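Student: Read top to bottom, the protein sequences are chains C and H.
So the first sequence is numbered by this note's numbering: it starts at 1 and just counts up by one.
So the second sequence is numbered by this note's numbering: it starts at 1 and just counts up by one.
For the record, the hints were derived by calculation from the structure and aren't laboratory data.
Copies of the same chain look alike in the list, so a pair counts if it fits in one copy or across any two.
Using 25 Å as the maximum straight-line C-alpha spacing, the simulated DMTMM-like pairs for lysine to aspartate or glutamate come out as follows:
1. Lys305 to Glu375
2. Lys305 to Asp377
3. Lys172 to Asp320
4. Lys42 to Glu68
5. Lys224 to Glu248
6. Lys187 to Asp377
7. Lys224 to Glu375
Nothing here was measured: the structure is a model prediction, and the numbers come from that model.
Each chain, written out:
Number of protein chains: 2
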Amino acid sequence: MLPVNPDRFLADLHHLRSIGASGVGKGVVRPAFSDPDITARKWLADQYRDIGLEARFDPTGTVWGLAEGKSLLIGSHSDTQPEGGWLDGALGVICGLELARAGAEAGVPISTVSFQDEEGRFGVTTSSRIWGGLTSLEDADQLTDTQGITFADARSRLSDVMGDFPDPSRFKGFIECHIEQGPWLDKAGEAAGIVSGIVGIRDMRITFTGEQNHAGTTPMHMRKDAFRGLLRYQELIADRFRNLVVPETVWTTGHVELHPGSHSIVPGRCTFSMQWRDGDKQRLKQMEEVVRLSIDDVASELGLKASTSDMLGIDPVPMDDGFQAALARGAEAEAPGKWRKMPSGALHDAASVAAHMPVAMLFVPSINGISHAFEEDTAEDDLVTGLKILAHAAEELGR
Amino acid sequence: MLPVNPDRFLADLHHLRSIGASGVGKGVVRPAFSDPDITARKWLADQYRDIGLEARFDPTGTVWGLAEGKSLLIGSHSDTQPEGGWLDGALGVICGLELARAGAEAGVPISTVSFQDEEGRFGVTTSSRIWGGLTSLEDADQLTDTQGITFADARSRLSDVMGDFPDPSRFKGFIECHIEQGPWLDKAGEAAGIVSGIVGIRDMRITFTGEQNHAGTTPMHMRKDAFRGLLRYQELIADRFRNLVVPETVWTTGHVELHPGSHSIVPGRCTFSMQWRDGDKQRLKQMEEVVRLSIDDVASELGLKASTSDMLGIDPVPMDDGFQAALARGAEAEAPGKWRKMPSGALHDAASVAAHMPVAMLFVPSINGISHAFEEDTAEDDLVTGLKILAHAAEELGR
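Please construct the entire structure, taking both the sequences and the accompanying hints into account.
Tutor: Structure below.
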């Protein structure tokens with residue numbers, strides 16, 4: 001096991017939390033390319049240099065700590081949701097920092113990374129997808145956030161420090177430690193989850209267009225109320241998904257906008273998000289068919305027009321068997337009988353990195369399953385157990 | 001009939017349209033206290049002075065053209081919706097200007113007015129409600145727009161020109177000309193509607209609060225998705241209103257906000273508007289009982305918390321019989337057999353003014369019933385017919 005230092009690790013984790021601390025509990029507000037995000041990345045680069053690694057920003061704003069020669073890569077992302085917790089991404093980044101430091105002390109070459117915009121200000125896992133070759137930098141540059149700012153504009157904030165992308169062939173593989181973000185480990189009183197695979201995601205925006213009109217003088221039977229399209233669509237998919245999904249399948253509408261958004265105007269346009277996730281690519285496809293059929297049915301039934309954005313499609317990604325086995329040996333050493341294999345319902349940068357090399361992921365428990373919220377937390381004992389499991393696997397895989 | 005000049009009237013109407021013209025069709029963007037709104041009000045004050053009226057801004061930003069002695073008051077409002085048409089309010093204001101001018105030429109004392117914030121940047125018919133004594137200026141000063149700006153801050157933009165409120169006893173009564181904003185006159189090929197009464201309105205914001213969580217890792221059966229509250233609420237009221245409402249009853253949700261509004265987060269909070277209108281005060285009350293019962297049922301059924309804003313309550317207002325009769329004689333002279341009596345489904349400043357004096361309203365057709373939208377329009381022949389009907393009634397009632 002690499003000689004990790006739990007106190008140093010926890011001190012670094014709390015320091016990173018202080019950059020963008022929200023003032024509410026342990027909450028953090030550090031979205032991609034915000035001032036706190038850039039401050040955090042420059043602080044990470046300083047830490048990497050102190051270890052003797054080459055600190056490098058790539059063109060997407062990802063910050064790397066690169067060991068010489070062929071090395072094992074360990075890391076995650078340090079950007080957060082608009083209202084995020086202190087561990088999502090940050091935990092994996094500080095695990096990477098501590099393991100790279102322990103590796104340097106033990107003569108085991110460990111590189112580390114904090115990817116940019118995992119949380120999707122512009123896309124989702126934006127920077128790792130570019131590095132993984134799943135999106136081109138040119139295409140990504142056109143992506144906009146909710147304020148209309150492009151990825152190209154945002155990444156230009158770091159142009160003074162940017163270098164090249166590292167060559168993927170310099171890495172033996174990638175391990176990402178992350179909070180589970182779900183309830184299973186916490187409910188079972190277990191310390192760790194070894195991820196078997198990452199579910200696939202489909203995500204789109206749907207727009208129904210009707211007729212904007214006065215809410216007092218337009219009789220109910222003459223309205224073409226775009227909001228009715230949303231209600232009917234949700235009713236149809238709830239019905240049609242019933243015999244198609246499994247207990248692990250999830251679908252979510254997290255954003256709705258009515259136009260023009262006045263109490264006294266029948267909305268002429270309704271735009272909303274539709275996202276679904278499942279570990280089975282075939283099921284994702286069948287759900288897409290239901291979604292598209294339901295959109296068409298709503299439009300013809302209610303006399304609305306319908307349109308959809310391009311669909312984001314991320315396929316399910318299996319984790320490397322050998323890496324999983326190494327993590328399992330570490331887990332059995334540090335938390336015997338208190339870990340499980342499990343799928344990841346959340347997308348992670350590891351899914352992008354899998355295009356280049358073997359990848360694996362380790363989960364630690366999320367208290368009450370809460371994440372993407374100020375209340376997100378994990379017991380510090382569990383954080384340290386996760387670090388030690390990684391230290392076992394990194395010793396074995398990194399030499 | 002007062003000696004109105006249709007060409008002068010139409011020229012003034014087009015000039016007012018040019019102040020805040022949206023660049024799309026005949027659309028206008030001139031919300032209360034915006035730069036175009038203030039420019040328009042100062043231009044109106046200049047026109048009033050040119051006629052020989054006393055031009056006065058009251059403390060709410062309403063601009064008055066005051067004839068000497070006891071006079072008939074004719075007007076409406078010149079502010080628009082965030083995306084408005086060229087006639088809503090503006091038509092009644094320019095009718096008032098032309099009739100005051102014709103009255104001055106004929107020796108009939110006609111005063112005129114453009115009320116402020118009829119469209120509800122802060123409340124709804126904000127300024128006329130203050131003048132009508134339905135709201136105090138102190139209470140109104142606390143109202144905020146969607147950006148958090150208070151009415152007190154907004155009206156301070158006109159503090160350099162503000163005078164006192166005019167005494168309501170100086171007016172014999174009030175007539176407001178307005179586009180119908182509904183489909184009935186246009187569909188029937190009729191030129192005018194004489195309003196029998198204005199429907200009452202109830203309006204509130206409803207919030208369901210659940211648990212914000214990750215959209216990939218939170219199983220469907222463990223979610224407390226606030227958006228589900230909105231869906232279930234809409235289902236319940238659609239069912240429960242069915243045997244309560246009449247064909248004229250309307251209800252609308254024109255604004256929805258999910259928090260935090262991300263594709264990848266199960267929304268922890270959903271806030272939406274709920275407005276309903278009817279001519280019968282008892283039915284409005286019964287609908288309120290259904291609304292409140294349904295909110296409670298949704299909350300307990302789905303394990304959400306629920307809260308509501310204060311409810312805005314505007315009661316139905318009948319129009320004066322004698323004024324209606326005078327308008328009917330004018331309509332029969334100018335458009336024989338081509339007019340009707342009808343209720344107003346929209347709220348108007350006349351409803352506030354009714355607290356002080358006899359009021360009446362005249363409607364002209366809205367093409368395809370469209371209003372509160374850039375497409376709002378009326379044939380110019382119909383606008384002139386409306387002006388002439390008013391000129392008959394104003395001659396009769398104003399002397």
